[in-house]
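Produce the complete structure using the sequences and hints provided.
Just so you know, we're using my numbering here: the sequence shown kicks off at 70 and counts up by one.
Source of the hints: derived by calculation from the structure; they are not laboratory data.
Some hints could be false.
In the SDA-like style, the derived pairs of lysine to any residue whose C-alpha atoms are separated by at most 20 Å in a straight line are [what the hints assert, rightly or not]:
id	residue 1	residue 2
1	LYS154	TRP102
2	LYS154	GLN121
3	LYS100	TYR89
4	LYS148	GLU130
5	LYS154	PHE99
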Amino acid sequence: MEQINTTEAYLDGLKSVEVYVSRLDRIYQFKVWGNTRTSMFVLVKEDSELVQQFDVGDVYEMTFRSSDASRPIKSCNTKIKYFNKIDQGRFKGHYLTGLSIV
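Now the structure itself:
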């Protein structure tokens, strides 16, 4: 897997991210929203086991996939920037989970 160079314009066209959570021995896949270095997030359902696992400041190795299949899969350390429960609107019942490449 190719390591991400944070100065690249790799965020354009990101489709999904995968994270292995060793405490649960599971891989989770999420749609990536935002697609910019300063505003990238995923949605975690409020009844997910991840709610008890994710904490702001945690760092996980995450694997990013592009919507363009010809682009390589990229892997990098990613920090949980924020983890906020949504109580109304389109994403009610989810946690807005901000990601930041470290």
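Quick rundown of the hints versus the structure:
{"no.": "1", "hint": "LYS154 / TRP102", "in the structure": "holds (16 Å)"}
{"no.": "2", "hint": "LYS154 / GLN121", "in the structure": "holds (13 Å)"}
{"no.": "3", "hint": "LYS100 / TYR89", "in the structure": "holds (15 Å)"}
{"no.": "4", "hint": "LYS148 / GLU130", "in the structure": "holds (9 Å)"}
{"no.": "5", "hint": "LYS154 / PHE99", "in the structure": "holds (17 Å)"}
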